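Work out the full structure: start from the sequences and follow the hints.
Protein chains: 2
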Amino acid sequence: MDITSLSISQMERSYRTSLINSLNGYKCLQLIGTTGKDGHSNLGLFSSVVHLGSSPALLGVVFRPKSQSHDTLSNIERTGTYTMNNVTQDFFEQAHQTSARYESGFSEFVECGLTELFIPGFDAPFVAESTIRIALNLREILPISINNTTLVIGEVVHISMNSQFIAKDGLIDHEKAGTLTVSGLDSYYTARHLARLSYAKPGIPTERI
Amino acid sequence: MDITSLSISQMERSYRTSLINSLNGYKCLQLIGTTGKDGHSNLGLFSSVVHLGSSPALLGVVFRPKSQSHDTLSNIERTGTYTMNNVTQDFFEQAHQTSARYESGFSEFVECGLTELFIPGFDAPFVAESTIRIALNLREILPISINNTTLVIGEVVHISMNSQFIAKDGLIDHEKAGTLTVSGLDSYYTARHLARLSYAKPGIPTERI
Numbered sequence: 001m002d003i004t005s006l007s008i009s010q011m012e013r014s015y016r017t018s019l020i021n022s023l024n025g026y027k028c029l030q031l032i033g034t035t036g037k038d039g040h041s042n043l044g045l046f047s048s049v050v051h052l053g054s055s056p057a058l059l060g061v062v063f064r065p066k067s068q069s070h071d072t073l074s075n076i077e078r079t080g081t082y083t084m085n086n087v088t089q090d091f092f093e094q095a096h097q098t099s100a101r102y103e104s105g106f107s108e109f110v111e112c113g114l115t116e117l118f119i120p121g122f123d124a125p126f127v128a129e130s131t132i133r134i135a136l137n138l139r140e141i142l143p144i145s146i147n148n149t150t151l152v153i154g155e156v157v158h159i160s161m162n163s164q165f166i167a168k169d170g171l172i173d174h175e176k177a178g179t180l181t182v183s184g185l186d187s188y189y190t191a192r193h194l195a196r197l198s199y200a201k202p203g204i205p206t207e208r209i
Numbered sequence: 001m002d003i004t005s006l007s008i009s010q011m012e013r014s015y016r017t018s019l020i021n022s023l024n025g026y027k028c029l030q031l032i033g034t035t036g037k038d039g040h041s042n043l044g045l046f047s048s049v050v051h052l053g054s055s056p057a058l059l060g061v062v063f064r065p066k067s068q069s070h071d072t073l074s075n076i077e078r079t080g081t082y083t084m085n086n087v088t089q090d091f092f093e094q095a096h097q098t099s100a101r102y103e104s105g106f107s108e109f110v111e112c113g114l115t116e117l118f119i120p121g122f123d124a125p126f127v128a129e130s131t132i133r134i135a136l137n138l139r140e141i142l143p144i145s146i147n148n149t150t151l152v153i154g155e156v157v158h159i160s161m162n163s164q165f166i167a168k169d170g171l172i173d174h175e176k177a178g179t180l181t182v183s184g185l186d187s188y189y190t191a192r193h194l195a196r197l198s199y200a201k202p203g204i205p206t207e208r209i
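Sequence order for the protein chains is L and C. For what it's worth, this note's numbering labels the leading residue of the first sequence as 1, then goes sequentially. For what it's worth, this note's numbering labels the leading residue of the second sequence as 1, then goes sequentially.
Please keep in mind that the hints were generated in silico from the structure rather than gathered at the bench. Warning: the hint list may mix true and false statements.
Just so you know, same-sequence chains aren't split out, so a pair can sit in one copy or run between any two.
What the hints assert, rightly or not - 20 angstroms max Cα-Cα, derived DMTMM-like pairs, lysine to aspartate or glutamate:
1) Lys168 with Asp2
2) Lys201 with Glu140
3) Lys168 with Glu155
4) Lys37 with Glu111
5) Lys37 with Glu77
6) Lys176 with Glu129
7) Lys168 with Glu207
8) Lys168 with Glu140
9) Lys176 with Asp90
10) Lys201 with Glu93
11) Lys37 with Glu116
12) Lys37 with Asp123
13) Lys168 with Glu116
14) Lys201 with Asp186
Fair warning: this is a prediction, and the values are worked out from it, not measured in the lab.
So, in structure tokens, the structure goes:
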């Protein structure tokens, strides 16, 4: 079927939200941990994390306007630090529950049954249940004026995971780590490794490596 | 294991590239189709597409500096139109091959064995082998000065897919569509649906729907 620009604009709101949120396929799923003004821990679920560069190691995350992410964004702006934590099958229901609109002052860790973890010298909370935990320092906040969203850019300053997840050449095995992926706002998927392919060169067929 | 900021900066370059590119988990995989200056079709593989909003329907994609994506970016700047096309198990090796550095003037469609598809009134080429095809009009180009990358923002103006992939509420079933996901630069995964969860509200346990 063909869906035109006109029919997208005329769709019922929640239908369009589901369709467009699931349009680009499987998305990166991360719990972002921050510290609130009064010192309590805050946790939010995001599917808009994007790799920006490896040297320096930069990750971006898009924040929607006036969403539940508001606390997370203002905490990052104030403290300059945050964590990203992967989500596995063991606790994805608790992770999803963090997207409920808790009032400021409530900690999603407590409300949703997840465990805070801290490392010395870094203020933002990690998720103990996650198998890959990343600490970031805020580097830049880029307003996206076209729809009032915000791209937050952070530098990776610490990574914690089981060393067995990392191949000899540095690639992380997310199947081993149990990482989930998401499509749309609420549809969770496990992933299974299909193949690694060799570096592509003109005229030379790629090989499975 | 713990990986510190210092050890990230001291890593051998290709190891760091693999590690940091695979750090955030499963990424959205899209072939981007454009039209070159001389009228030939161009195709590039991207894993940095991010949902920006549903109304208007906006998708962003991050372009690396001076990479093979250069042709794609300059084509988008010049023509204002491009397509995104999902990748399935049936042709992921051809899709990967498009990341080889073909010289300008060569069409990755021809070189990699993929089939161009056009719709009336839209200039950029789609990938016939893809099961979900999206047409976009350029809306904004946002330079990310911190590492010289670029966020290209486009509005979805046309979508083609089998109507059976779309649930009653608008959610796309990417398992049915055969969509693949990628981790790092070269590690491809299939995905299997785990669960959909109900809209999260404070104090109410989420349910599988």
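Hint check results:
For the homomeric pair Lys168 and Asp2, the shortest alpha-carbon distance between copies (16 angstroms) is at most 20 angstroms, but the shortest distance inside one copy (45 angstroms) is not. For the identical chains of this complex, Lys201 and Glu140 are neighbours neither inside a copy (35 angstroms) nor across copies (32 angstroms), given an alpha-carbon limit of 20 angstroms. With identical chains, the CA atoms of Lys168 and Glu155 are never at most 20 angstroms apart, being 24 angstroms at best within one copy and 40 angstroms at best between copies. Taking the closest pair of Cα atoms, Lys37 and Glu111 come within 20 angstroms of each other only inside a single copy of the chain (18 angstroms); across copies the shortest separation is 56 angstroms, beyond that limit.
For the identical chains of this complex, Lys37 and Glu77 are intra-copy neighbours only, at 11 angstroms inside a copy versus 43 angstroms across copies, given an alpha-carbon limit of 20 angstroms. Taking the shortest alpha-carbon separations for Lys176 and Glu129, only the intra-copy value of 15 angstroms comes in at or below 20 angstroms, while the best inter-copy value is 31 angstroms. When the C-alpha separation of Lys168 and Glu207 is checked against a cutoff of 20 angstroms, the pair qualifies only within one copy, where the shortest distance is 19 angstroms, while the shortest distance between copies is 40 angstroms. In this assembly of identical chains, the alpha carbons of Lys168 and Glu140 never lie at most 20 angstroms apart, being 32 angstroms within a copy and 40 angstroms across copies at closest.
For the identical chains of this complex, Lys176 and Asp90 are intra-copy neighbours only, at 13 angstroms inside a copy versus 25 angstroms across copies, given an alpha-carbon limit of 20 angstroms. Within a single copy, Lys201 and Glu93 get their C-alpha atoms only as close as 43 angstroms, which misses the 20 angstroms cut-off; across copies the closest is 12 angstroms, which meets it. Taking the closest pair of Cα atoms, Lys37 and Glu116 come within 20 angstroms of each other only inside a single copy of the chain (17 angstroms); across copies the shortest separation is 54 angstroms, beyond that limit. For the homomeric pair Lys37 and Asp123, the shortest alpha-carbon distance inside one copy (12 angstroms) is at most 20 angstroms, but the shortest distance between copies (51 angstroms) is not.
For a Cα distance limit of 20 angstroms, the shortest separation of Lys168 from Glu116 qualifies neither inside one copy, at 30 angstroms, nor across copies, at 38 angstroms. Within a single copy, Lys201 and Asp186 get their C-alpha atoms only as close as 38 angstroms, which misses the 20 angstroms cut-off; across copies the closest is 13 angstroms, which meets it.
In this structure, the hints that do not hold are numbers 2, 3, 8, 13, in rising order.
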